[in-house]
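Enquirer: All chains should be modelled from the sequences, with the hints used to inform the complete structure.
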Amino acid sequence: MTSAATIPDSAPRPWARVRQFLIRRGPLLVFALLLAYLAWQSPVFLGAWNIQASLTQAAPIAICAFGLVAVVMGGGDDVVAGGIDLSVPAGAALATAILSDQLTNAGASFGWAMLLAAGAALTVGVVNAILVTRIGLTSLLATLATLTSVVGITRVLTSNRRINVDDPVVLMVRDGQVLGIPNSVWLMLVAGAAFTFLMHQTAFGMRVQAVGGNREAATTSGIRPRPHIAMTFIIAGAAAAVASLALVARGSGSSPGVEDLLVVDMLLAGFLGAAFSPRNVVTIPGAMLGAIFVALLSNGLILIQVDNSWILGLKGVLILIVVSAAALQSRTR
Amino acid sequence: MSSANVGIGQRPSVGRLGRLLARFAFIGAFAILIAIFAFASPNFLTPGNLSNVVEGSVVLLLVALAMTLVVASGGIDLSVAVALDFGAWFSLAAMLNFDAPWPLAILAGLAGGAVVGSLNSFLIVRLGVTPFLATLGTLFIGRSVQQIGTGGGGNVNFRAAPDDFRWFAQGEVFGIPVDVLVGAVVLVIYFIILERSVYGVRIHAMGMQDAAARVAGLRTNRYRVAVYVAAGITAAVGGVLLSAGLRIFTPLAGFAYLLNAIAAVFIGASMHPRQRPNVPGTLVGVLFLGVLANGLDLIGLDFNLKAALQGIVLVIALASAAVVSRLSREA
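Sequences listed follow chains C and Z, in order. Counting along the first sequence from 1, when you hit position 75 you're at 75 in the numbering used here, and nothing is skipped either side. Each number in the numbering used here corresponds to the 1-based position in the second sequence with 1000 added.
It cannot be assumed that every hint is accurate.
In the SDA-like style, the derived pairs of lysine to any residue whose C-alpha atoms are separated by at most 25 Å in a straight line are [stated by the list, open to error]:
#	chain 1	residue 1	chain 2	residue 2
1	Z	LYS1306	C	GLN41
2	C	LYS315	Z	ILE1316
3	C	LYS315	Z	GLY1217
4	Z	LYS1306	C	ALA36
5	C	LYS315	Z	PHE1255
6	C	LYS315	C	GLN41
7	Z	LYS1306	C	PRO256
8	C	LYS315	C	ALA36
9	Z	LYS1306	C	LYS315
10	C	LYS315	Z	LEU1033
11	C	LYS315	Z	LEU1127
12	C	LYS315	Z	THR1150
13	Z	LYS1306	C	VAL264
14	Z	LYS1306	C	GLY257
15	C	LYS315	Z	VAL1188
Hints listed in this document are in silico derivations from the structure and should not be mistaken for laboratory results.
Expert: So this is what it looks like as structure tokens:
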């Protein structure tokens, strides 16, 4: 985190420069090669339909990962003692359930349903913030506990059943397009831009990163860590609220157990995103790239007709290749 | 969090009682939970039910001990789920498909765990991948291997497993179930190594300040390899016990233990003055989760409501214990 990026001593020989380029851009190159291979194997892979489907799939993963990244930034990237929020997908699933239940069963207007859903997701964020900053639990334990609670509450609320939604606003998010880009992808892009601005461009974002990078140093320079860390959990709650809209559109309603896969995909997207950043730290744009990578990979492997049993394992191997390239890059620097 | 408040700089003067209360606040919350269950269900505090809780917690204990070791070394291991599966699968398959005698079958199961641990250490130590992503990759690969190896995820049945093998789950020695004894032996070994030996001190040092441990001359890479391999083998012991009891291997069954193992380790860490993972704390965490699941079952709640209460009780117990322990530390 804290080590400043030092420029490697200049190597005049051309092969050294090539090697440096390969190492520095390693993860992105591997990423590009994989996609090229998939495109070569399946002519449909680069078709508009597949790209759209993959991006739509990536939207809720990416938006959840934005929340995760905010928390990791403020808490530091140590998995054990640092910041992590496992409860974002659970919060999003709860908000999705409330949204669907209100629209379909209670006949509420979209605005009111969304308000209730967002309120629930933000409440999860506030509870996390209290547990971590006021009560002093480690964020992994606190959010694991809220994850379990929120999943249970969602089950009680929906009786563990699917709820279909045919509200016009939701259908508009699902089917509508602006400039040829599906609306839920716009949702991801706009949320990504907003989060990038908040976490990477504002003074608040800088202070959060300072707290996450070195808490003592940040405190010494007059930044109060606790309000900033609390705020990141509430931001994660807001991300869950936004993600619920993408989720309800993707699934045309709320399905039980949607958070299971989403937790893994979110963590993957968030931490894989670090491989795409020059200093190997989590970033918002990196998380979006990570989510898109995961979705393209999943779809691509299905398109080239890989046997179902092999898909997860291949995904694991490919992800490890990208991450190893990143590790190699930060080691040789 | 609170380690930052307490550990650095000022060391608050704490009375002896305060320190005790701080340390054992969670156990107090645990006792209250037991009292509530005893009050709500007459069957809860019977010897038969309590031994059920203990015996039902053995596999989780083994997975959680593996996790304690890894977290103490500063990492995390999501692939313990796969190590558990491999232990269960390889031990059954060795007997079923290769007619191996049962001791060899157990070795095959443990070897399965060692393979998972070795892959993790290769990724983490050799390639420098962060433990989280490395073990997540291993988890993915391991799950795929199980699906491929079982023809898409079918169960592996071996009803006719030899009696000697089943003895590990169903036998008794001096009236104590063998699987509980196995769990107890592994628990003691872990306690001695992690809390009472120089190796434990070094592993904790690695976990707190890796760079400092290296500067002090510790060969952290060697320790890290040992930690992940040992964790894989320990989880595989749990898998062997599971197979001995069920005589059926269900692919991907180990995943159910993963979150609970992490929760147990961190419950244990929350009881430690410096929030470090520790073996006695993990034991308390495992028993707490076992009692919670068992008690909610006995009360006879709706399945969905039970899921919600499990999480909410955990949040309340952790939060109240943390508040009590901080208040008594400050008093």
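Enquirer: If a hint holds in the structure, say so; if it does not, say that too.
Expert: Verification of the hints:
1. LYS1306(Z) - GLN41(C): violated, 48 Å
2. LYS315(C) - ILE1316(Z): Judged against 25 Å, a Cα distance of about 38 Å means the pair is violated.
3. LYS315(C) - GLY1217(Z): violated, 38 Å
4. LYS1306(Z) - ALA36(C): violated, 48 Å
5. LYS315(C) - PHE1255(Z): Distance ~18 Å between LYS315(C) and PHE1255(Z) Cα, so the pair holds.
6. LYS315(C) - GLN41(C): holds, 17 Å
7. LYS1306(Z) - PRO256(C): holds, 16 Å
8. LYS315(C) - ALA36(C): The given pair, whose Cα atoms are some 16 Å apart, holds under the 25 Å limit.
9. LYS1306(Z) - LYS315(C): violated, 34 Å
10. LYS315(C) - LEU1033(Z): violated, 43 Å
11. LYS315(C) - LEU1127(Z): holds, 18 Å
12. LYS315(C) - THR1150(Z): holds, 19 Å
13. LYS1306(Z) - VAL264(C): Roughly 24 Å between the alpha carbons, so the hint for LYS1306(Z) and VAL264(C) holds.
14. LYS1306(Z) - GLY257(C): holds, 16 Å
15. LYS315(C) - VAL1188(Z): The given pair, whose Cα atoms are some 39 Å apart, is violated under the 25 Å limit.
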